[in-house]
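Visitor: For reference, the chains in residue letters:
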Amino acid sequence: MSERETERGSPYAPQTAAETTAMLDAVGAADLESLFDVPESVAFDGEFGIDARSERETKREVARLLRRNADLTEFLGRGHYDHYVPSVVDDLAGRSEFLTSYTQYQPEVAQGFLQALFEYQSMLVELTGLGVANCSMYDDATALGEAATLSQRVRSVSGDRILVPGHLREGKRAVLANYADGPGLSVESYPMDDGAVDVDALADAIDSETAMVYAETPTVRGVVEENLGAIGDLADDHDALFCLGSDPVALSLLERPVDVGADVVVGDAGSLGTGTAYGFGLGMFVTREEYLRQVPGRLVGASEDAADRRAYTLTLQTREQHIRKERATSNICTNQAWVALRTAMHAAWLGPDGLVDLANECVTRPRDLAARLDEVVGLQAPVHDRHHFREFVARTDQPASAVAGDLLDEGYAVSEVGEHLIQVCATETTAEAEDGLVAALSEVAK
Amino acid sequence: MSERETERGSPYAPQTAAETTAMLDAVGAADLESLFDVPESVAFDGEFGIDARSERETKREVARLLRRNADLTEFLGRGHYDHYVPSVVDDLAGRSEFLTSYTQYQPEVAQGFLQALFEYQSMLVELTGLGVANCSMYDDATALGEAATLSQRVRSVSGDRILVPGHLREGKRAVLANYADGPGLSVESYPMDDGAVDVDALADAIDSETAMVYAETPTVRGVVEENLGAIGDLADDHDALFCLGSDPVALSLLERPVDVGADVVVGDAGSLGTGTAYGFGLGMFVTREEYLRQVPGRLVGASEDAADRRAYTLTLQTREQHIRKERATSNICTNQAWVALRTAMHAAWLGPDGLVDLANECVTRPRDLAARLDEVVGLQAPVHDRHHFREFVARTDQPASAVAGDLLDEGYAVSEVGEHLIQVCATETTAEAEDGLVAALSEVAK
Amino acid sequence: DQARWTDDGDDRYEPLLSEKANETVEIEDAALPDDLTRDSLTLPDPAEPELARHYTRLSQMNYGVESGPFPLGSCTMKYNPSFTEDVAARPDAAIHPDRPDATVQGTLALCHRLQDYLGRIGGMDAVTLQPPAGAAGEFTGIEIAKAYHEANDEERREVVIPDSAHGTNFATAAMAGYEVVELPSDDDGRVDTEALAAAVGDDTAALMLTNPNTLGLFERDIEEIADLVHDAGGLLYYDGANLNALLGRARPGDMGFDVMHYNVHKTFATPHGGGGPGAGPVGVREGLARFLPNPHVRERDGNYEYYEPEASIGKVHGFYGNWPVLVKAFAYIARLGDAGLRDASAKAVLNANYLAEQIDYDVPFGPFHHEFVASAGEQDAADAAKRMLDYGVHPPTTKWPEIVDEALMTEPTEGETKRSLDQLAAAFDAVAAEDDETLAAAPSRPAARRIDQVSAARNPRLSWQALDDA
Amino acid sequence: DQARWTDDGDDRYEPLLSEKANETVEIEDAALPDDLTRDSLTLPDPAEPELARHYTRLSQMNYGVESGPFPLGSCTMKYNPSFTEDVAARPDAAIHPDRPDATVQGTLALCHRLQDYLGRIGGMDAVTLQPPAGAAGEFTGIEIAKAYHEANDEERREVVIPDSAHGTNFATAAMAGYEVVELPSDDDGRVDTEALAAAVGDDTAALMLTNPNTLGLFERDIEEIADLVHDAGGLLYYDGANLNALLGRARPGDMGFDVMHYNVHKTFATPHGGGGPGAGPVGVREGLARFLPNPHVRERDGNYEYYEPEASIGKVHGFYGNWPVLVKAFAYIARLGDAGLRDASAKAVLNANYLAEQIDYDVPFGPFHHEFVASAGEQDAADAAKRMLDYGVHPPTTKWPEIVDEALMTEPTEGETKRSLDQLAAAFDAVAAEDDETLAAAPSRPAARRIDQVSAARNPRLSWQALDDA
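Just so you know, the sequences run in chain order A, B, C and D. Per our numbering, the first sequence runs over residues 1 to 446. Per our numbering, the second sequence runs over residues 1 to 446. Per our numbering, the third sequence runs over residues 1 to 470. Per our numbering, the fourth sequence runs over residues 1 to 470.
Hint data in this document are derived by calculation from the structure and do not stem from the laboratory. Some hints here could point you the wrong way.
Stated by the list, open to error - Beta-carbon label-pair distances, calculated as ranges: (1) B/E432 / D/P15: 49 to 55 Å; (2) D/P15 / C/V454: 39 to 45 Å; (3) A/D193 / B/E432: 38 to 44 Å; (4) D/P33 / B/E47: 35 to 41 Å; (5) D/Q453 / A/D236: 34 to 40 Å; (6) C/D101 / B/A26: 50 to 56 Å; (7) B/E290 / C/D422: 51 to 57 Å; (8) D/T42 / A/D239: 30 to 36 Å; (9) C/D116 / B/E432: 35 to 41 Å; (10) D/Q453 / A/S189: 53 to 59 Å; (11) C/D116 / B/A26: 37 to 43 Å; (12) A/E375 / C/E310: 54 to 60 Å; (13) A/T16 / C/D116: 40 to 46 Å.
Claimed, not checked - Stretch by stretch, here's where chain C covers chain D in the computed footprint (C-beta under 8 Å, at least three residues): (14) 59-69; (15) 74-83; (16) 103-110; (17) 315-329.
Backbone N, C-alpha and C fix where the C-beta goes; we use that ideal spot for every residue, glycine too.
Build the full structure now, drawing on both the sequences and the hints.
Guide: This is the structure in structure tokens:
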């Protein structure tokens, strides 16, 4: 272990002292420092002041820090969801051949990952009905940003307006704004009606300068959007792209995006495969085949090898930054491939029946919980007279901040989304905690 | 997931309903039940009354049960030790090719495990200086039992006495007694002197009927035995086997067993690779080459394959139960191979310098802690004026049960080993907790 | 699979750790006096990246249940659910065995529940979790039988065992100091009750029996067998190796067995780990509970405690057995419940029957349950098995039980799909059609070619220190 | 490696999940009205044992850092310590991002500490952890530069980038709305300061630079470069892809860089995951801290809070970036400390120099640091790389940077032993001696033979739905 300790160097640099000497001899260097061709004037001769620790001590240190996180039962959603990830996903995805590999520049020794990504793409094609899925983006927000830039590239006429729903996660909108900044797009909100898209208002807002209309189902408030077809038609009428936000669990049950005229589907595919991870996500990006050569990100395609067997490879790389440089469809290089692997594994573990069951539970569980909360003195739920998926908004007689704050003291976290509005997310992982939440709200909401 | 649920059957039996039907057709069976050739009179038509659970719920259920374990910092040893096991051991040993494989009856597809066990055997050969290590037994106690039966098989004259030290873990002695029962051996204790073997008393006890003398270093009280050579000579003089109990960490620093005349070395090799696991162990069994054909358990040997490359295989299987049946050297079949794999990995991770450093820490840490406790009012430590390894006994002015009990309330566990004796074990994993222990003892011991 | 650097001149598939990175440390300035320490220590010293590659490579040269079919008869190589590993790795499961009972209520509660589950599954009244493996369970059971007879002031010197029984049964009886009376099977592959009637008597301590037996056959005369043994004053011991065949259909306790062990690494899907660890809990009927190993767990008013059974045989493990393995078994049983356990058996039996139906080799005995023994006929069964390796599947157990010529003892388990069974059958049939020369030259595709067993045994090299070329 | 069932008639190496176990579920009796639901869903439905075998098999057809040397230039494929996975998997790390600050003090404390560590390592005054990858870091940095100029009421339309730079630099500048001015390298492979002087001016928003550059060469004139850019009113951006070469020897902040990103999946050993996730924290010098993404973490009296920097560019990730990756990077830095980080760089540089010294291919530029670019000369570099696969090692990056003919861009990292470097060198040399025909026919040993890239692109089949034969 002494050699593993860092006093003498990195425990992950395996040269012995004798080897180091031999290798320095071989290259004709007097010592390690002489290998650095750094002018004196910019050389760093200080210390970082970072203490080395043993592996055990490092774990203790992280534990010591993270112990400061409160122990809460979370009824939080709004774009980041907790679905149970089976152990086998951790086990298989954790195999070093997957975890420590790199982008598949040499497909002959990367068939395993390529096939897994091909399968991931295929699952998204089935879920959306659209023809082309890339093999990952960072998260839903950046995927939405990429969709906006795509709309500008593929639209037959000019136009710089990106229309987004009034109910939209602030972070997502902020990311979109940054992606819109370069190409000079303007992001504008259209209004909601009782939690869903106000289609008439959208009709008023859309015009020939509109490059893309974005809508979500479920919305950030958990509302299942009922007028997707009408939204798609509006976009189509104005030659605007219709970008739909959703996720694989919702898409297992809800209308197929292709059937409502969606041109692009974005969202967080990490709702399968990741669980709660402080916002760590997986950007889903699926679009129509006609936009294939404008798609951002990596694509895995089938081909054949010299033995005439089916084999997989990254393809259409001429869209990408390492080939096309400033004319690339995106600057993305490192993506979220490993997260996509996990999502595919989780989806396969569930199977179609499991996915549909889970999606149905995402409807019935919030529905039932809202009904129970509606009977709590001081609460009305749900606020929106709509179908919900995973979550819903409730009105509080007391200030929402007081209700949410008091709930924290009881060990439960909900979102505060207005002065008298809280939002509650309920999935299979909150099943055993719902009685407790109802009881706690009965205390703090009245 | 619905199909993964157990209402319809095992989630780990992958046949679809259609496949089941097709297969029943193929075998000409009307239904699954008709495949069971069980007479009506002994058929079970009841229920076990065991509810099925989802994977998530099963985890919750185990968590619910185990949460009842108190959260304690343990200064417990006495044969089961907590050394830090690096993550890479879990990661590599957890690879399914290792974890889910079986005994290497087909060595051509088991070279990986065989080589790892060969390496484990080799490490024990280096640590003990003896020529033959088997590739695992259940634990130290059963390994000691096997040593006793070995002594009867290999001794040139008859004799049924097994002499064991007065300070011996009760559980180990009880297991030995059961192993001694079949061959009709009698287990007798010889006295200790200030925590170590009373060599004169042993000399008085030993006679021509003595088949084996057992001694330990460190002892169950953590005392480093200083007279091993003398004990070995006594055994040798009486044609008795000298069986030495130790473990790989101690053997990295202490005298080599071969140099003190040991004929067999047993002990818990799981002190490397396992950590605290409620007594889960790894029986180390190493002996002289001359006893090779009397060794219990599995042996991995090197050989060559048809391509003339070095290859490994289980060997000398004619000693074993599946070949020799009632004339086998032991009834052992399933062993602790995977635990041995972990031990070899941990030992290799530490390397010889790491092992020696760790062993030195096992001397200095209890020494320093004993010195600190000796200054606590109401305590004298160590009780034995000896060198210690990992642990030591302290005398309490108050009843030991009161001191140990009060310590539990403070969150610390120590062993009570006499009316006014407690035992304290200190390894690298207790480093950060020792100040707390001293402070707590300062309160409760006075 | 991936290419890997090899030099045709290499005389090994992967160097030993000692060949990669051996280091010698002189023991100096130790914390102990010189005369108590060794002089030096020579062991491998790979850094973590090297270590990781070494064992990753070794794992690639090993076949596990997730590599493909693993139809080793009598071994029940079923799929080991990943989640049980996570459950066993819980920090609150990693505690020291010497804590006072009051501080391990969770562990004791789990053990108590597992005892209860196993009792229900086996039809037994009390269960100890202490034996760390099946053979240790046998030893425990036979020691209980011995204690029972001694408590009755009887000296009985014999244990009766059918010739088709596992080798451990014989070795266990001998280890406990008994004479073994071997019972020939009848023409149907089952216990010959007449021979049994002749074999049992005043000296009979116990009959050890596996049911279904190693041919996969249910001992239909089990009630008569039980009566014969009991009438002679002996006990009936159930070897649980084949319990996966019967879950929910028949229980040893109901068949008249007095003592049994459970192989949790078979029936309850804990991983075999390259040979172990397993766990071999032992169940007994009520009158024998007082002989169980010390300590045993009981519940009192919602709390749990250890106690020493009044006539305990003592201990068979230094602590409480293979705890992490028991946690995994508990999780498996709790996951499956009644319906899952019943289904596991049904599918295991169907898979065995389906596979037997598909293959060209003759299967002389039946009707069988979770496993069958085919005969390689004119072929050498061991050679046939080696050749199966070339088809990418693990072969069955070979040349045992001896009651079948050139036996291929095959247990596919419930974990196989129809697709994988068809693949496995294709491998059997491809081998069945090949000539002796081809079989003798096999295998050519696995990590190693055929390994010379004779050389290994004649010239034992059991450590790298013993290698000439190292 | 293990044999695996294959039939010579098979036209694939492993069936797709959809070929193994596709199932269609009709959506009926859903919890939503029919007009809001789809009609059916068709997806694979493998049970867990099949799933496990499928992905185990796929993993066997993939090469990772624990499989062998992985000298992809500019990718820093160093060993990823196992323990960081355990650290990131802690339950108290798996929390929701929408909790109030007071309930995530642990997470914020760790982030604050990591910001501090990164700042010290890069010589930067403030660091954001939000960018989820290196390219996202570049985008963040360039948006910061843009905000800086806008705050100064300046319109600058150009970003200057050397021709040897990573493709992401160009794409990032374009994405942010800038014109790219490409700067030719000088004969030594470095920035041509005269060309730079000519290129910068009133329109220069920033110069993006990697140092050492993609040839492994330290830009010796970095101070002059910084002056030229700063004098023109531009900012100096540091692409941190090659930071592993300099740890503790030189810091971007000290060299005059204003903004930089860190590739934690390169320098700080978080796993590359087959292409991601990474994380690309961005450091800035003091005056630029007010432009950092929203929110940023700060400490007040021992407590931590999020706040919005006064002139924040907004957000580059929907939440707070790739948190699990950041935890791993933190653990790596905390494990190594000063001495470990310094040693990592030293050994990375020594390994590159040693390997370059051993191989027969020409290495035109130097002195290099952690990587070098060899030339395959008359050989096709891509073919040479395919042939290296047959020798069981992963080849270097090929045909880039274009400044070297038939480039083999090679970065062995500090994770290799002398032994593995010698093995790697032997593979280089074996390939160097071979003829074009041999190279063109390669590879023959990996999981797949040479894959037809043209067919893949001409006839895109990007899902199993698009396969004719599926």
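Visitor: None of the hints should be skipped; say for each whether it holds.
Guide: Structure-based check of all given hints:
1. B/E432 / D/P15: 49 to 55 Å: Because 52 Å falls inside the window, the suggested range holds.
2. D/P15 / C/V454: 39 to 45 Å: With a Cβ separation near 41 Å, D/P15 and C/V454 satisfy 39 to 45 Å, so the hint holds.
3. A/D193 / B/E432: 38 to 44 Å: For A/D193 and B/E432 the Cβ distance comes to about 59 Å; the hint is violated.
4. D/P33 / B/E47: 35 to 41 Å: Holds: the Cβ-Cβ distance is about 40 Å, inside 35 to 41 Å.
5. D/Q453 / A/D236: 34 to 40 Å: Holds, at about 36 Å.
6. C/D101 / B/A26: 50 to 56 Å: holds, 54 Å
7. B/E290 / C/D422: 51 to 57 Å: holds, 53 Å
8. D/T42 / A/D239: 30 to 36 Å: holds, 32 Å
9. C/D116 / B/E432: 35 to 41 Å: holds, 39 Å
10. D/Q453 / A/S189: 53 to 59 Å: violated, 44 Å
11. C/D116 / B/A26: 37 to 43 Å: holds, 39 Å
12. A/E375 / C/E310: 54 to 60 Å: Hint holds: Cβ distance 57 Å, inside 54 to 60 Å.
13. A/T16 / C/D116: 40 to 46 Å: violated, 56 Å
14. 59-69: holds (count 8)
15. 74-83: holds (count 3)
16. 103-110: As far as the region 103-110 of chain D goes, the hint is violated, because 0 residues have Cβ atoms under 8 Å from chain C.
17. 315-329: violated (count 0)
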